[in-house]
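**Q** Sequence:
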Amino acid sequence: MPFYEALKLAFASILAHKLRSFLTLLGVIFGVATVIVVVSLIEGFNSYVDEKIANIGTNAFAVQRFSIEDFSSVEALNAARRRNKEITINDLQALKNSGGFIKDVAGRSDSSADVKFGDTTLQNVQVKATTPNIEEIEKVEVRDGRYFSEAEEEARRFVCFIGPEAAEKLFPTGNPLGQIIKINGRSFQIIGVGEELGSAFGQSRDMYVSMPLSTFLSIYGIRRSIAISVTSTSPQTYDDAIDEARTIMRVRRKLAPSDKDSFGIVTPSAINELRDKIFGTIQVVAIGVTSISLVVGGIVIMNIMLVSVTERTKEIGIRKSIGAKQGDILKQFLAESTTLALLGGAIGVLIAYLIAKFVAVAFSIPTALPLVWVCIALFVSSSVGLISGVYPAWKAARLDPIEALRAD
Numbered sequence: 005m006p007f008y009e010a011l012k013l014a015f016a017s018i019l020a021h022k023l024r025s026f027l028t029l030l031g032v033i034f035g036v037a038t039v040i041v042v043v044s045l046i047e048g049f050n051s052y053v054d055e056k057i058a059n060i061g062t063n064a065f066a067v068q069r070f071s072i073e074d075f076s077s078v079e080a081l082n083a084a085r086r087r088n089k090e091i092t093i094n095d096l097q098a099l100k101n102s103g104g105f106i107k108d109v110a111g112r113s114d115s116s117a118d119v120k121f122g123d124t125t126l127q128n129v130q131v132k133a134t135t136p137n138i139e140e141i142e143k144v145e146v147r148d149g150r151y152f153s154e155a156e157e158e159a160r161r162f163v164c165f166i167g168p169e170a171a172e173k174l175f176p177t178g179n180p181l182g183q184i185i186k187i188n189g190r191s192f193q194i195i196g197v198g199e200e201l202g203s204a205f206g207q208s209r210d211m212y213v214s215m216p217l218s219t220f221l222s223i224y225g226i227r228r229s230i231a232i233s234v235t236s237t238s239p240q241t242y243d244d245a246i247d248e249a250r251t252i253m254r255v256r257r258k259l260a261p262s263d264k265d266s267f268g269i270v271t272p273s274a275i276n277e278l279r280d281k282i283f284g285t286i287q288v289v290a291i292g293v294t295s296i297s298l299v300v301g302g303i304v305i306m307n308i309m310l311v312s313v314t315e316r317t318k319e320i321g322i323r324k325s326i327g328a329k330q331g332d333i334l335k336q337f338l339a340e341s342t343t344l345a346l347l348g349g350a351i352g353v354l355i356a357y358l359i360a361k362f363v364a365v366a367f368s369i370p371t372a373l374p375l376v377w378v379c380i381a382l383f384v385s386s387s388v389g390l391i392s393g394v395y396p397a398w399k400a401a402r403l404d405p406i407e408a409l410r411a412d
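Residue numbers (my numbering): 5 to 412.
You may find that some hints are simply not true.
What the hints assert, rightly or not - Label-pair ranges, simulated between beta-carbon atoms: (1) Arg160 x Lys120: 17 to 23 Å; (2) Val299 x Ala364: 29 to 35 Å; (3) Gly103 x Thr177: 48 to 54 Å.
Claimed, not checked - Derived pair list, reagent style DSSO-like, types lysine-lysine, alpha-carbon separation capped at 30 Å: (4) Lys120 x Lys107; (5) Lys143 x Lys22; (6) Lys100 x Lys120; (7) Lys143 x Lys173; (8) Lys329 x Lys281; (9) Lys89 x Lys120; (10) Lys186 x Lys318; (11) Lys120 x Lys173; (12) Lys281 x Lys361; (13) Lys22 x Lys281; (14) Lys120 x Lys22; (15) Lys318 x Lys329; (16) Lys186 x Lys173; (17) Lys143 x Lys399; (18) Lys107 x Lys173; (19) Lys143 x Lys89.
In case anyone wonders, no lab produced these hints; they're calculated from the structure.
Beta carbons: idealized from backbone N, C-alpha and C, even for Gly.
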């Protein structure tokens with residue numbers, strides 16, 4: 005029997021019992037849909053993290069008060085709070101003056117404030133305070149105007165760079181450049197507007213105001229903790245720059261060789277390791293749940309195929325009496341069980357895709373569906389159908405044609 009003929013018979017049998025076929029596939033559909041939804045969310049989050057890592061800058065790492073390991077438990081975080089001192093502007097200057105393998109050093113801090121222009125007030129707007137070179141290190145994109153200059157940083161000028169959403173709400177019809185806004189009651193002149201970044205996890209990334217770090221610290225206190233972005237002179241000296249920064253910070257804090265770091269150094273590889281650790285566990289759990297659903301779905305498919313063999317005993321007898329071989333009967337029923345499961349997998353992928361799109365639109369959660377996972381889902385579902393159909397197909401192929409013709 006040609007392969008296309010087996011497929012033709014399989015589709016004819018499935019379409020002849022539409023409701024039964026659909027109910028048979030529920031286990032496969034739910035199993036495939038579950039894993040594809042989880043994969044879509046994980047891949048979307050991975051893409052978001054990769055984007056944020058890319059924005060850290062080339063050959064860049066961060067020096068901040070806490071390390072990633074400090075957030076591993078409540079006890080570790082409490083211990084770090086007691087041990088770790090604030091990162092100050094003096095630490096930034098020490099790293100900047102080090103030379104060696106360190107190329108550039110930038111500082112940043114943040115807070116929130118009410119922003120007002122005329123009769124319009126935006127509450128709890130994110131305030132970003134940075135040094136001017138953060139524009140190059142973190143690849144800040146400017147839509148209108150410009151970013152801060154070194155002269156404005158040194159003079160502690162009251163100028164600001166605002167997000168496009170803040171600009172739209174404060175100046176729905178006018179040009180924000182050159183306008184004076186109030187940030188917690190203090191007057192700032194707008195010198196630039198950033199490019200649109202969109203939202204992530206339901207939070208807008210375009211509602212912010214930025215000001216020079218020196219201006220920010222003069223308002224909120226010079227000893228306020230900051231984070232420091234550091235770049236190396238080249239990719240080859242990246243690890244050396246990290247060691248140099250660690251040595252400078254340990255010397256400044258008078259730590260003994262046996263003492264643990266009282267600060268954190270965060271690298272893109274550390275962020276990736278944390279991400280893989282968290283989502284690796286989630287993927288294992290999702291695959292475990294999916295495996296149970298697929299096993300149940302496979303059992304249901306086998307049961308329905310056995311029922312189908314019983315219902316079509318006379319048909320099998322007629323086919324064998326006119327020359328059909330055991331291999332033909334085997335191929336027919338295996339094609340039917342495999343096609344049935346493959347359709348279930350395709351429906352599951354479609355449902356998962358629609359759910360992921362709805363989540364992305366309704367909750368601004370990033371999602372992504374790699375083609376390789378679609379292929380894996382379809383391959384696994386069809387394999388389940390193939391395995392589940394082996395025994396029913398073998399039973400049908402072994403029927404005696406004379407006994408089969410006598411069946412009612």
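**Q** All hints, please: hold or fail.
**A** Comparing the hints with the structure gives:
no. : hint                        : in the structure
1   : Arg160 x Lys120: 17 to 23 Å : holds, 21 Å
2   : Val299 x Ala364: 29 to 35 Å : holds, 31 Å
3   : Gly103 x Thr177: 48 to 54 Å : holds, 51 Å
4   : Lys120 x Lys107             : violated, 38 Å
5   : Lys143 x Lys22              : violated, 55 Å
6   : Lys100 x Lys120             : violated, 36 Å
7   : Lys143 x Lys173             : holds, 25 Å
8   : Lys329 x Lys281             : violated, 53 Å
9   : Lys89 x Lys120              : violated, 35 Å
10  : Lys186 x Lys318             : violated, 87 Å
11  : Lys120 x Lys173             : holds, 10 Å
12  : Lys281 x Lys361             : holds, 26 Å
13  : Lys22 x Lys281              : violated, 43 Å
14  : Lys120 x Lys22              : violated, 62 Å
15  : Lys318 x Lys329             : holds, 15 Å
16  : Lys186 x Lys173             : holds, 14 Å
17  : Lys143 x Lys399             : violated, 66 Å
18  : Lys107 x Lys173             : violated, 39 Å
19  : Lys143 x Lys89              : holds, 29 Å
Hint compliance for this structure: hints 4, 5, 6, 8, 9, 10, 13, 14, 17, 18 are not met, and every other hint is.
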